[in-house]
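J.: One-letter residues, chain by chain:
There are 2 protein chains.
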Amino acid sequence: MKVCGIIAEYDPFHEGHLHQLRRARELTQADYMVCVLGSAFSQRGDAMMFSTQDRARMALANGFDLVLGMPYSFSCAQANRFAVGGVGILHQLGVVTHQSFGCETTDLKALSDTARMLHAPDAVFKHALKQALEDGHSFAKAQGLAMAASLPQVDEALLSAPNFILGVSYLRAHLELGSTITPAVVLRQGDYHSRDTGGFASASAVRAMLQKNPEADLNGICPQKSQQVIRQAVIHPPGALDKALLARLRDMSPETLRQVPEISEGLEDRIKKALREVTSRADLINQVKTRRYPAARISRALTQALIGTQPRESLPSYARLLGFSNRAKPLLAAITQHGFPLVDRPAQERRVDMRLDMKAEELWYLGSGQPMKTAWQQEMIRL
Amino acid sequence: MKVCGIIAEYDPFHEGHLHQLRRARELTQADYMVCVLGSAFSQRGDAMMFSTQDRARMALANGFDLVLGMPYSFSCAQANRFAVGGVGILHQLGVVTHQSFGCETTDLKALSDTARMLHAPDAVFKHALKQALEDGHSFAKAQGLAMAASLPQVDEALLSAPNFILGVSYLRAHLELGSTITPAVVLRQGDYHSRDTGGFASASAVRAMLQKNPEADLNGICPQKSQQVIRQAVIHPPGALDKALLARLRDMSPETLRQVPEISEGLEDRIKKALREVTSRADLINQVKTRRYPAARISRALTQALIGTQPRESLPSYARLLGFSNRAKPLLAAITQHGFPLVDRPAQERRVDMRLDMKAEELWYLGSGQPMKTAWQQEMIRL
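Chain order of the listed sequences is B and R.
Heads up: the first sequence runs through residues 1 to 383, numbered per the numbering used here.
Heads up: the second sequence runs through residues 1001 to 1383, numbered per the numbering used here.
Don't read these hints as lab results, they were simulated from the structure.
Do not rely on the hints blindly, as some may be mistaken.
Derived BS3-like pairs (lysine-lysine); straight-line CA-CA distance at most 27 Å [stated by the list, open to error]:
no.	chain 1	residue 1	chain 2	residue 2
1	R	K1225	R	K1212
2	B	K212	R	K1212
3	R	K1373	B	K273
4	B	K272	B	K289
5	B	K373	R	K1273
6	R	K1272	B	K373
7	R	K1002	B	K272
8	B	K289	R	K1373
Not close to chain R: a few residues of chain B, all C-beta gaps over 10 Å, as computed [unchecked claim]:
no.	residue
9	E176
10	R231
11	P238
12	P341
13	L366
14	M372
For every residue, glycine included, the Cβ atom is placed at its ideal position computed from N, Cα and C.
Could you put the whole structure together from the sequences, leaning on the hints where they help?
T.: Shown next as structure tokens:
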């Protein structure tokens, strides 16, 4: 049985995603396609526009056989932790043979050389990393500079390409978990961040379109089956929780703020100071970010401050079972044999480690104008 | 020197308020009119539509000589505490000779008989109060029933009239403080709560008009000098802090909620339960209120949960000096001699007891879409 996993956010699921899904199936000849889906708050720290449920619905409708939810504390986290969250679930399912991801290159050697270097850094890398951090670069930037120093055989442009970096994080997670999952790289088509360059529109471009005009024409941008979900969706407007966040930060002492995973080294004081000046989350991020602490890190830190922190596990201890297709029954049976917990009824679950995940969901629903209990009432989707 | 005080909210200052101010000056022949103004959250628990600063500006522009801010923990409180907050400041100023208030009657004997009864309740009253509380009535309603039993000489309709009740609270505060301030009662004209009955429009009617149409014609409803302030005001829209409140309540345990002054006897559990179902503060109040716990009490309790609680002083220890007219200088000099603290620069003040008051102001500004620091940057108004 060949099973291919894809780790994604699908906010919303667009034509580029459909292209990758189809190519992954072709490349791997998989019997089943499994999606590990980011939670209600994105890897970059923002609230998703579409609910976890609606994003799972889009993934299933467009061809996945099984959709699993990644716990919030991994999905709203820096790239390495996000990758460990996704790969950790795929690995622990015990049945996944392949993982597919989009990348700026299909040169698997470049990807795995880089992953091995990060897994067991050499002296050249360590020295260059230390130097770059001392020069005040962000961790991501410093890591890129150190990789360039240590990996002359890899195209330097690739080392700072966002999907190359994420792909490397996945392969590094494979190494760390001793996983035998085979990577299947799909070449990204054009520039996902612009509609004008002939490539697919990015999810952020689609969200911007929908924010401007909820009735915007999505033909050629999102598959019909995504459009059906999008047209009926209750969305979380950007900024919906801004006042809740600012009021929450108002109540947190610098000492409490410093306990947030991505906050350290005086960032707490910068946040407290800027808080008095701003009227929105976006303003606050703009005021606080530096070369060393880029916007995405601040954004995640703010979401973590709003939702709370807990002792962080190094590997997901469960995944949410968001939905599956009828034909996935043998797959589910095989997964069940391996014993990794799939949670299908959060309200009846006694797992303490789910509380933070469900709190993130509750606050997502609050922001979308729906009652918090909606987070607990999700029906599993069956197609 | 005759000095007359009026305790009010002025959200906004309308023609009815101007009428009362003028009648008070006539009745008392006061040299100076002093206003004690409610804070950013009303006695009924809602955020004011207009800032403390703008309401002070309206009071000064319409004829007050001095406007003082009542600390939040007294102004967002049940009628008796609100009255002690206002009268406590007037009394401690040391120069106030009269207090004027509007009432459904000018029968001072009815008012003071009732106040004396509440100050030193007789056996008939005590028994009837206990009975009515046991029957599940709200405290206000039970007190009304007990007064009717104990005070057959007072018109029963008066005993439940809102301004009669507030007037009695003022006179009771006079008794409790041993104050020699003379009451000056102004008869209320018509029904303040309706524009159609020929009386003055109430402040809530004016707010509803402005909410529906910010450009609504206010001639004959608000004095020109109020209109000038209203037209330039940044308002706090109703509901602006709803998500901040609901997220805050989400984080509070029933035990923490029970520490809120107006929450007791299982109300905390009702709030936690309803919280999952609702999408707004108004919904939550509707779901939680009972005959025993009326909407205003729930509303205040929710605001107290959002802003926080502290050990509550029984008498205001300061007032904010919001503004004064040029001609009030001799009045201010006389007040200074008596030594009651008037705070004119909150940002430079080291009083710990002001923190909650200023937090309420900060959250008001957050809701109005302005930075929180605006709360600290208020210039004193001089006319």
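J.: Each hint: holds or not?
T.: Hints and how they fare:
1. Between K1225/R and K1212/R the CA atoms are separated by roughly 22 Å; this keeps the pair inside 27 Å, and the hint holds.
2. This hinted pair checks out: K212/B and K1212/R have alpha carbons roughly 25 Å apart, not beyond 27 Å.
3. In summary, the hint linking K1373/R to K273/B is supported, as the alpha carbons are separated by about 10 Å, within the 27 Å threshold.
4. Our distance criterion of 27 Å between C-alpha atoms is met by K272/B and K289/B, whose separation comes to about 13 Å.
5. Among the hinted pairs, K373/B with K1273/R is consistent with the structure: their alpha-carbon atoms are about 10 Å apart, no more than 27 Å.
6. Straight-line distance between C-alpha atoms of K1272/R and K373/B comes to about 12 Å, which keeps the hinted pair within the 27 Å bound.
7. A hinted pair counts as satisfied when its Cα atoms are at most 27 Å apart, and K1002/R with K272/B does not qualify at roughly 48 Å.
8. Straight-line distance between C-alpha atoms of K289/B and K1373/R comes to about 20 Å, which keeps the hinted pair within the 27 Å bound.
9. Residue placement check: E176/B keeps its beta carbon more than 10 Å from all beta carbons of chain R (closest about 34 Å).
10. At roughly 22 Å, the least C-beta separation between R231/B and chain R is larger than 10 Å, which holds for a residue marked as non-interface.
11. Non-interface call for P238/B relative to chain R: holds, since the shortest CB-CB distance, roughly 14 Å, exceeds 10 Å.
12. For P341/B, the shortest C-beta to C-beta distance to chain R comes to about 25 Å, beyond the 10 Å cut-off, and the non-interface label holds.
13. Distance to chain R contradicts L366/B as a non-interface residue, since its nearest Cβ pair spans about 6 Å, not more than 10 Å.
14. The Cβ of M372/B sits about 5 Å from the closest Cβ of chain R, inside the 10 Å cut-off, so the non-interface label is violated.
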